[in-house]
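> Converting from the sequence shown to this note's numbering requires adding 15 to each position, the first position being numbered 1.
Just so you know, the hints here were simulated from the structure itself, not pulled from any lab data.
Hints are supplied without guarantee of correctness; some may be wrong.
[As the list claims (entries may be wrong)] The calculated lysine to any residue pairs, modelled on SDA-like cross-linking and capped at a C-alpha distance of 20 Å, are:
| no. | residue 1 | residue 2 |
| --- | --- | --- |
| 1 | Lys87 | Tyr65 |
| 2 | Lys168 | Val91 |
| 3 | Lys59 | Ile185 |
| 4 | Lys63 | Ile185 |
| 5 | Lys83 | Gly107 |
| 6 | Lys59 | Val80 |
[As the list claims (entries may be wrong)] Listed next, with one range per pair, are the computed distances between beta-carbon atoms:
| no. | residue 1 | residue 2 | range |
| --- | --- | --- | --- |
| 7 | Thr153 | Asp178 | 47 to 53 Å |
| 8 | Thr36 | Glu72 | 36 to 42 Å |
| 9 | Gln47 | Gly158 | 19 to 25 Å |
| 10 | Pro152 | Lys63 | 18 to 24 Å |
| 11 | Thr105 | Gly73 | 17 to 23 Å |
| 12 | Trp124 | Lys63 | 16 to 22 Å |
| 13 | Glu72 | Ala157 | 21 to 27 Å |
| 14 | Gln39 | Lys180 | 16 to 22 Å |
| 15 | Thr38 | Glu85 | 26 to 32 Å |
| 16 | Gln39 | Glu72 | 34 to 40 Å |
| 17 | Gln47 | Pro149 | 27 to 33 Å |
C-beta atoms are modelled at their ideal positions from N, C-alpha and C, and glycine is treated no differently.
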Amino acid sequence: MQLTTLFVLFASILSVLAQTTPTQSEVEAALQLPSGFNRFAVHKARGKAYYICAITEGTNTTSWVRTKLEAKLYTVRRKTLLGSYSTNLTIGQHTWTHTPTGSQVNGRWVRRTSQFANAFDINYALFQTTSLVPGSPTDYFAGTEYVIRANTKNGLVNNARCDAKKVGRIRDQRFTAQFWYYRPASA
16 MQLTTLFVLF
26 ASILSVLAQT
36 TPTQSEVEAA
46 LQLPSGFNRF
56 AVHKARGKAY
66 YICAITEGTN
76 TTSWVRTKLE
86 AKLYTVRRKT
96 LLGSYSTNLT
106 IGQHTWTHTP
116 TGSQVNGRWV
126 RRTSQFANAF
136 DINYALFQTT
146 SLVPGSPTDY
156 FAGTEYVIRA
166 NTKNGLVNNA
176 RCDAKKVGRI
186 RDQRFTAQFW
196 YYRPASA
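Can you make the complete structure from the sequences, with help from the hints?
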């Protein structure tokens, strides 16, 4: 029995290692990014997803419901802190802030895909800008119309651990991701 368990564990590890990171064009195609937009910046995010154990309305089943995401944004090599990412899932708003300039982009979810994510990874997603807050002395996010969340790791929780005894409990799960920012090619 123990040998079988070790074999399954080893096979799972090999499966994860064998996965390749999708290319930028594969992600853009899967999320149906409209044509005519160029990626102008990439930030690495490290943060937490917060969940509450809740009873699904109209049923007797329970599940972990994501209430918010919060992360710090860094250069891709995580050397320099650039800003923050947060959500207000009640109204469906996602906010990216560039701390050095105060520039901010607010967006709403357009579509997502689990095509590239593992079982406990937050989905890749496409967001469309709903408003921009100009920065000073420069406007870092000027012209941003879309943001993609890609290369996600972790962030989802196991629903098996949410039962009637745990309703109301809050839990967090660490995650990493990249955010890709797009503006029109003519900008």
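> If a hint holds in the structure, say so; if it doesn't, say that too.
Okay, the hints, checked on the actual structure:
1. Lys87 / Tyr65: holds, 15 Å
2. Lys168 / Val91: With Cα atoms ~15 Å apart, Lys168 and Val91 stay inside 20 Å; holds.
3. Lys59 / Ile185: Answer violated: Lys59 to Ile185 is near 26 Å, above 20 Å.
4. Lys63 / Ile185: Given that 20 Å is the threshold and the Cα spacing comes to 12 Å, the pair holds.
5. Lys83 / Gly107: With a Cα-Cα distance of about 10 Å, the restraint between Lys83 and Gly107 holds, given a limit of 20 Å.
6. Lys59 / Val80: violated, 25 Å
7. Thr153 / Asp178: 47 to 53 Å: Given range 47 to 53 Å: holds, Cβ gap about 51 Å.
8. Thr36 / Glu72: 36 to 42 Å: Hint holds: Cβ distance 38 Å, inside 36 to 42 Å.
9. Gln47 / Gly158: 19 to 25 Å: holds, 20 Å
10. Pro152 / Lys63: 18 to 24 Å: This hint is violated: roughly 32 Å between Cβ atoms.
11. Thr105 / Gly73: 17 to 23 Å: Because 20 Å falls inside the window, the suggested range holds.
12. Trp124 / Lys63: 16 to 22 Å: Since the Cβ atoms of Trp124 and Lys63 sit about 19 Å apart, the hinted range of 16 to 22 Å holds.
13. Glu72 / Ala157: 21 to 27 Å: violated, 42 Å
14. Gln39 / Lys180: 16 to 22 Å: violated, 45 Å
15. Thr38 / Glu85: 26 to 32 Å: About 29 Å separates the Cβ atoms of Thr38 and Glu85, which means 26 to 32 Å holds.
16. Gln39 / Glu72: 34 to 40 Å: With Cβ atoms ~39 Å apart, the hint holds.
17. Gln47 / Pro149: 27 to 33 Å: Holds - the Cβ-Cβ distance for Gln47 and Pro149, about 29 Å, lies within 27 to 33 Å.
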